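Protein sequences appear in the order of chains U, C, R, W, F and P.
Throughout the first sequence, residue numbering follows the working numbering, covering 465 to 744 in sequence.
Throughout the second sequence, residue numbering follows the working numbering, covering 465 to 744 in sequence.
Throughout the third sequence, residue numbering follows the working numbering, covering 465 to 744 in sequence.
Throughout the fourth sequence, residue numbering follows the working numbering, covering 465 to 744 in sequence.
Throughout the fifth sequence, residue numbering follows the working numbering, covering 465 to 744 in sequence.
Throughout the sixth sequence, residue numbering follows the working numbering, covering 465 to 744 in sequence.
Be aware that one or more of the hints could be misleading.
Unchecked claim - Subject to a maximum C-alpha distance of 27 Å in a straight line, what follows is the list of computed DSSO-like cross-link-like pairs (lysine-lysine):
{"hint": "1", "chain 1": "U", "residue 1": "K478", "chain 2": "W", "residue 2": "K478"}
{"hint": "2", "chain 1": "F", "residue 1": "K478", "chain 2": "C", "residue 2": "K478"}
{"hint": "3", "chain 1": "R", "residue 1": "K478", "chain 2": "P", "residue 2": "K478"}
Derived by calculation from the structure, the hints in this document are not laboratory data.
Bear in mind that the values here come from a model prediction, so they are computed numbers and not experimental data.
Protein chains: 6
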Amino acid sequence: MPIDDLRPTIDWGKYQTLTLERRDNGILLITIAAPDGYPAPTLTRRHTEISYIWRDFADDPELRVAVITGTGERFWTVEGNDGIDEMLANPGNYDNTVNLIREGLANTHGIVNCDKPIVSAINGEAMGSGLATGLLADISVASTDARLIDGHLLQGITAGDHSVMIWPLLCGLAKAKLYLLASEDLTGEVAERIGLVSLAVPPSEVLDTALGIAERMATGPQHALRWTKRSLNHWLRTATPAFEASLGFEAMSFFGPDLVEALTAQVEHRPPNFAEPLPW
Amino acid sequence: MPIDDLRPTIDWGKYQTLTLERRDNGILLITIAAPDGYPAPTLTRRHTEISYIWRDFADDPELRVAVITGTGERFWTVEGNDGIDEMLANPGNYDNTVNLIREGLANTHGIVNCDKPIVSAINGEAMGSGLATGLLADISVASTDARLIDGHLLQGITAGDHSVMIWPLLCGLAKAKLYLLASEDLTGEVAERIGLVSLAVPPSEVLDTALGIAERMATGPQHALRWTKRSLNHWLRTATPAFEASLGFEAMSFFGPDLVEALTAQVEHRPPNFAEPLPW
Amino acid sequence: MPIDDLRPTIDWGKYQTLTLERRDNGILLITIAAPDGYPAPTLTRRHTEISYIWRDFADDPELRVAVITGTGERFWTVEGNDGIDEMLANPGNYDNTVNLIREGLANTHGIVNCDKPIVSAINGEAMGSGLATGLLADISVASTDARLIDGHLLQGITAGDHSVMIWPLLCGLAKAKLYLLASEDLTGEVAERIGLVSLAVPPSEVLDTALGIAERMATGPQHALRWTKRSLNHWLRTATPAFEASLGFEAMSFFGPDLVEALTAQVEHRPPNFAEPLPW
Amino acid sequence: MPIDDLRPTIDWGKYQTLTLERRDNGILLITIAAPDGYPAPTLTRRHTEISYIWRDFADDPELRVAVITGTGERFWTVEGNDGIDEMLANPGNYDNTVNLIREGLANTHGIVNCDKPIVSAINGEAMGSGLATGLLADISVASTDARLIDGHLLQGITAGDHSVMIWPLLCGLAKAKLYLLASEDLTGEVAERIGLVSLAVPPSEVLDTALGIAERMATGPQHALRWTKRSLNHWLRTATPAFEASLGFEAMSFFGPDLVEALTAQVEHRPPNFAEPLPW
Amino acid sequence: MPIDDLRPTIDWGKYQTLTLERRDNGILLITIAAPDGYPAPTLTRRHTEISYIWRDFADDPELRVAVITGTGERFWTVEGNDGIDEMLANPGNYDNTVNLIREGLANTHGIVNCDKPIVSAINGEAMGSGLATGLLADISVASTDARLIDGHLLQGITAGDHSVMIWPLLCGLAKAKLYLLASEDLTGEVAERIGLVSLAVPPSEVLDTALGIAERMATGPQHALRWTKRSLNHWLRTATPAFEASLGFEAMSFFGPDLVEALTAQVEHRPPNFAEPLPW
Amino acid sequence: MPIDDLRPTIDWGKYQTLTLERRDNGILLITIAAPDGYPAPTLTRRHTEISYIWRDFADDPELRVAVITGTGERFWTVEGNDGIDEMLANPGNYDNTVNLIREGLANTHGIVNCDKPIVSAINGEAMGSGLATGLLADISVASTDARLIDGHLLQGITAGDHSVMIWPLLCGLAKAKLYLLASEDLTGEVAERIGLVSLAVPPSEVLDTALGIAERMATGPQHALRWTKRSLNHWLRTATPAFEASLGFEAMSFFGPDLVEALTAQVEHRPPNFAEPLPW
């Protein structure tokens, strides 16, 4: 029996904060930057777009491997006061927080459940959703001097977007807690040493290395490749409930005083003065 | 509605083998040494105390982070013939073994289920329950030259106190079995390299580094911090049945001939001559 | 009550592709080479033998520790066109694939469920079932210059024989995917650094190091040793369903076009030209 | 920040084997029958459509609850020789089997991961993918006299489409194996008694009961409802690797002799004479 | 070595909403009613007390088995407008919600991790935390006509207090979702039939039956009893991450509009009109 | 390539406590009774034999399905003072307890990991290892009036042989604890109602029903059958660590006072007077 083609039509034109380039052998290069002619993106919009792109990539029959990278000295991070202003508008807003849960689930599970492989080329600073995306990618190539930092606790909120699901399986629990609980940052070089990323290379080689690996996979046996990824990711599927527990608690954090204090302190260039916890 | 305060009264005075110091910002420094004026502790008493301290720490509303360290060249280990004499009094005693199960559960789960973070400053040699406590701590700072050794098999007993729960998530299964099955010791430097501890620093910096990390966490957002630890530790909760299987088998070991032989050989400065196993 | 001895009689004489040597202290040295007087083995026969040896080792009351090693510059790998010819005879054959599933299960679970410890001395190149055996061993000692490569994807098939069960627990998911999805090879030295093997030593020391570790375990407390291995391996038992999912998908691969293409290309010394995947 | 609407456009017109009706309160009624004017559907086409509908349902902002039902005395089953002819065209075809894996994953995970609730109204006979869909639905209402049968083993293939994931959690392992391994059929009444379905009611009340439950949920608190479903389904997510192992083995079955024999025997109205298994 | 007694002093006098009676053989009878002379309790206070009692019970060396029951026609449920007024004071209050998370964890894990057995005598209506306590008890004896209802969704909030952890293991997923997602109530008789409770007996026999079972256990072998409970409860420990995910999402619900609407509608004796969910 | 036959030679003659009959279609009927001419078996010998038979059954290429049944009014239980005398010789004996662990593992995992199906025909009373064997069988047919009782706690020991692994998946946790913790017995009829066994039929039909089911499976598609059983049993493999924790604790029980007291009381026809547990 022939199998009918019921694939959805993909609207690739909707992306305004991610620049997309289709390359040979079914490689999709995603650059975390507004395409030419688009204004600087809001954090909110980019967060929304990243939660749709993985299923579009999965659905597109011509695509085989995705590579995601940043520009200049940044992979993906919050920049300037605009980002903080956006976040300061968020706390205490129920609808926005519900949406954040939804998009956090979509980005995380989107990467995990897309059987086609994804490579991150972490060219520079990565934080928050950027770090989540970079580390959830199947193969991660970081610049030796890229600064990686989870940042959730610095902003007064539970680390709920990816770390509980994958860090213990990348670098072990002792290292994971050092960086997540004590909010230490680390370089790509150290990240490679502890297993947090697949490879660390000099800044100028990051993208080429990632594209080379993508090329290798794009010309490999596609079904075998996808079933191997799928099978390996059962480790992450098994950790899904723990991840979603952290996500629920992160959502709680959006209604408490510490996020506002952290962001305000950042704007005012002073250390935050977090609230006294409940006595119990 | 106001929430009534039903917290238990904590008797901090009961500790005779651990020296406690309350420091700024809710940090509790626990030194593994008898407080001034108390006699040298028995192993038995210390094992009992460590099984109570984590819930006292969790219950005390003024405390936020615990740091545990040793003195001189020891973090926590069996020392001299007194310790061996104590252990030689133990085998074959059903009540003592039941109590050992109970306290093993209390120490292990006490650290894991206390949502407030715990930092170990492994200043020197760590073995047995000392190693368990040092490695179960959320963040572990070891002296580069500290000697770490599990030691269970050297004493003829199953490694049942913490290793099955956490070693594979710290340093991977190949390394875990090298040290646990072949009873190799390792330095803090090697431990850091394989992910068994969070950090290794020169001996003179161990406590200050640990206190610095504790300070950082103690001034961070407390609920977000505790929920992040709690969520990460689901990895350990999931491994609880395997840990308790090892604990049950360790209890069995207390009734066999190998523990007595191991200890006797140690007293007599000769290699042990372990029993022939069952043929099956 | 005396316990009757119902042990099966072991036919050690059936091994024609593995050279067996019984050494002091119950150590069984398995060399991956035909015993004197036997012809060069087929891959098929060796795969069958490895699926029986672990339970024979487990059943033999005089044996305590197994050490498995190769000869010359090879641990265990496919060599020459003979091997490829054998594999080219396999695809599309339902019975052979059913047998392959059976033997894949027997080798993997045989190592995991044998409570007696197994040490691999990976003296040289390891690939396919050889790599599986080397890495599933409890303690693995690799030559610093040994070349390790999973090779499944290079042959167009899903990596279904051991990697999903154990790699993420050895070296973390980021490294595992680099080597498994992008089919990178790595040396013993790198393997040790990322935790894939327990130790890496110069080529000339591999076997002696492995035998030394075996000796240490063979003179240790046997029940405690076996219960510790057993308890640690619950981590692998928990990952069994994911492993068998990968095995099922690997079996599927044997009926597709990519395996034949990969092997043919290898014979013809050209890069493979894998099939277009389904559009969905 | 307003959240931009990037939802995909849903092509509801592509469904030719399922009749769709949008009812009050966001209820989507799916009847397993070709819409007016469409020819009798092939099994292949219906299998494809069911693998797309759950994400369309999830994406449509106006929909809240889905109800799926059959017509006459059938919920969803293979009927007549046409279905068998289709299946006889399938075995040994690699591409069709790859597609079957893909659609099996899509239907199963589509129901599980759609956070909006789904109710099945099992009005009559359910078998194969029909039974999978009926039992994976969150709430299942069966006619007391509906005949339920898994049927995989009757067709000579591994039961790989849903049963391993959910039967043990519905009716326990002893009952699951009775019906799955011994290919017993059971009525809706018995199914309710053992927990396989939520409710059994007389034939004439099946759809109304299902719609009543759907109504109740559709007017309930939507976020709380979806998060509760999502959290409960972690039980199924944890069983995903086991399910996919069964799926891989089912795929294997498509290349063996037993499926063809089973279908041929059915056409010839004689008992099947299945192949001798491998001796091992 | 004698084992020193470091048990905490238990302040049994702090309980004002639970009447405690110590009976023969170490049985503690907990009646969910204010002791004589105490005013009618608030829901808040009772919720707090239930979160402390299990560890007090566990710590008291004279106690062996706990039995918990209600009075009249109620086991434990919200009664009258006072309860609603209390709850209406709660939503949107971050501190109260943090405390609710804490107490939800304490009650649930307190029952699960207390190795001494607990019997519930569900004499009448049970809802909310009352139902959680009744069903988490190791052995539950319900009156055949007791009305059980989860009630979370009726109040507009995620079912986050116990159901995700234990319902699928009590009555299967199909039944669990019927009662939890569609907010159906059920009698004790039905609950017994589907496995939700251990036993259902006529109203007049509930307490005696429960006490008889408690007596049986209290005169049994205590260590064997506790280790059996402990081992069985690993099933619940493994489900802990999923439970806490539901708890996190329930906490989120406290900041949304649906809880207030549900309670207000209840006061106003009208059906609730829940908010439109986010379109995505 | 032809696959060489390396199957071990099976010594079927070693069984002296189990009567074996090979029937048509590869069915092995195991009757729990000494073969003609053999003396009444000891419990110890039977326990040993049951731990070998499943792998012999799995290895025999002519066998497809096993059926196990008892004689007269007993399936398998301890009978008379001889059994008690044997057990009274056991406690405190380390070697015997080690062997008991080994055989407990072998029987349990032997049934679970044998991919060929096993049917139990529970014709009469089943207790201890008999109950374990009867309930671990894939399909269990019980006489409506057969008395089933776990009995571990009645003998003062932890229920460590199978119940933790499988009862919660058969009948749910509330029922499991009623029978396991309160040592209630139940009939086959009740067992079927709660899902503990697959079927209950009148005494005279038990064996025929079991043989009929065996016949049905023996003439089905063997690979599909075995892979379906294998996949379903991943649920049990995942519960293995919890089971082995209970086994370890049961082993502990053999060194305590309660087993001796229970057996002595039984001999003396008086209620046991179990030891005071540790105060903690």
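Comparing the hints with the structure gives:
1. U/K478 / W/K478: Measuring from Cα to Cα gives roughly 23 Å; hence the hint holds.
2. F/K478 / C/K478: With Cα atoms ~23 Å apart, F/K478 and C/K478 stay inside 27 Å; holds.
3. R/K478 / P/K478: holds, 23 Å
Hint check: no violations occur; every hint is consistent with the structure.
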